[in-house]
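Single-letter residue listing:
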Amino acid sequence: DAKTTQPPSMDCAEGRAANLPCNHSTISGNEYVYWYRQIHSQGPQYIIHGLKNNETNEMASLIITEDRKSSTLILPHATLRDTAVYYCIVRAPNSGGSNYKLTFGKGTLLTVNP
Amino acid sequence: DSGVTQTPKHLITATGQRVTLRCSPRSGDLSVYWYQQSLDQGLQFLIQYYNGEERAKGNILERFSAQQFPDLHSELNLSSLELGDSALYFCASSASLHGDTQYFGPGTRLTVL
Chain A
99 DAKTTQPPSM DCAEGRAANL PCNHSTISGN EYVYWYRQIH SQGPQYIIHG
149 LKNNETNEMA SLIITEDRKS STLILPHATL RDTAVYYCIV RAPNSGGSNY
199 KLTFGKGTLL TVNP
Chain B
3 DSGVTQTPKH LITATGQRVT LRCSPRSGDL SVYWYQQSLD QGLQFLIQYY
53 NGEERAKGNI LERFSAQQFP DLHSELNLSS LELGDSALYF CASSASLHGD
103 TQYFGPGTRL TVL
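Read top to bottom, the protein sequences are chains A and B. Going by this note's numbering, the first residue of the first sequence is number 99, and it counts up by one from there. Going by this note's numbering, the first residue of the second sequence is number 3, and it counts up by one from there.
Just chain A, same shape as in the assembly:
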């Protein structure tokens, strides 16, 4: 799986959009970008994933650059409950062996301030 780089922390004002960047310059053509988040000591929560097109669901939007070397997770209207560690994970689906796992890095601690 490709290595990802995320800023260790970010702040966002409540009600504003939170834009969380992720660099994955060594991503392969068949690798997807996944985002999970973990609110303090709770189980990680799946947010969204994509291959090359931008994706949107009820939680967030995922913007992937044309060269696929970076992506941005957008929480359009951040609330205090969005304070969490956000993990960007790149992995190839349908891959065998130990690639069934999710490899979590250190992620970005997003703090939403009132």
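Treat the hints as calculated values from the structure; they're not laboratory data. A hint or two may mislead.
[Said to hold, decoys possible] FRET-style restraints, in silico, Cβ to Cβ:
#1 B:19 / A:174: 18 to 28 Å
#2 B:81 / A:150: 26 to 36 Å
#3 B:71 / A:112: 37 to 47 Å
#4 A:175 / B:5: 18 to 28 Å
#5 A:115 / B:64: 44 to 54 Å
#6 B:19 / A:112: 19 to 29 Å
[Stated by the list, open to error] Where chain A lies over chain B, by a calculated footprint (3+ residues, C-beta under 8 Å):
#7 48-59
#8 107-115
Glycine is no exception: its CB is placed at the ideal position from the N, C-alpha and C atoms.
Guided by the hints, dock chain B onto chain A, whose structure is given.
Quick look at chain B alone, frame taken from chain A:
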């Protein structure tokens, strides 16, 4: 609510003891994964089962073992516990063998005294 349940929520035990953590996957999911999260190591993959069979192993200690039963629930057995085994243990499930999207349970916090 992810649909994955884990029991117990908290477990306090002594060194040298053995404990069993239980996980029920989301309805219809055949894959179960176990992860350990300690303060210094972050989230680490331990092991995966698919439809009752072990399919992938991570850095799981020999003192740890797991199994998945015919009803698809899974148990993680930790024996000869050491202080360093204190951690959060998460179970996740996915519909497919390849774990494209994994849904995590609330975790079991294990404290070894």
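Is the hinted range of 37 to 47 Å satisfied by the C-beta distance from residue 71 of chain B to residue 112 of chain A?
-> At 45 Å between Cβs, range holds.
Hint says 44 to 54 Å; check whether the CB-CB distance for residue 115 of chain A and residue 64 of chain B agrees.
-> About 48 Å separates the Cβ atoms of residue 115 of chain A and residue 64 of chain B, which means 44 to 54 Å holds.
May I ask you to test the hint 18 to 28 Å on the CB atoms belonging to residue 19 of chain B and residue 174 of chain A?
-> violated (48 Å)
Verdict for residue 175 of chain A, residue 5 of chain B (Cβ pair) under range 18 to 28 Å | holds (26 Å)
With a cut-off of 8 Å between beta carbons, are at least three residues of the region 107-115 of chain B near chain A?
-> holds (count 4)
Taking 26 to 36 Å as the hint, is the beta-carbon distance of residue 81 of chain B and residue 150 of chain A inside that range?
-> violated (46 Å)
Can you take a look at whether the region 48-59 of chain B is actually covered by chain A? Rule is 3+ residues, C-beta closer than 8 Å.
-> With 4 residues close enough to chain A, the hint holds.
How does the Cβ-Cβ distance of residue 19 of chain B and residue 112 of chain A compare with 19 to 29 Å: does it lie in that range?
-> Cβ of residue 19 of chain B to Cβ of residue 112 of chain A: about 45 Å, so the range 19 to 29 Å is violated.
Comparing the model with each earlier hint shows violations of hints 1, 2, 6; every other hint is respected.
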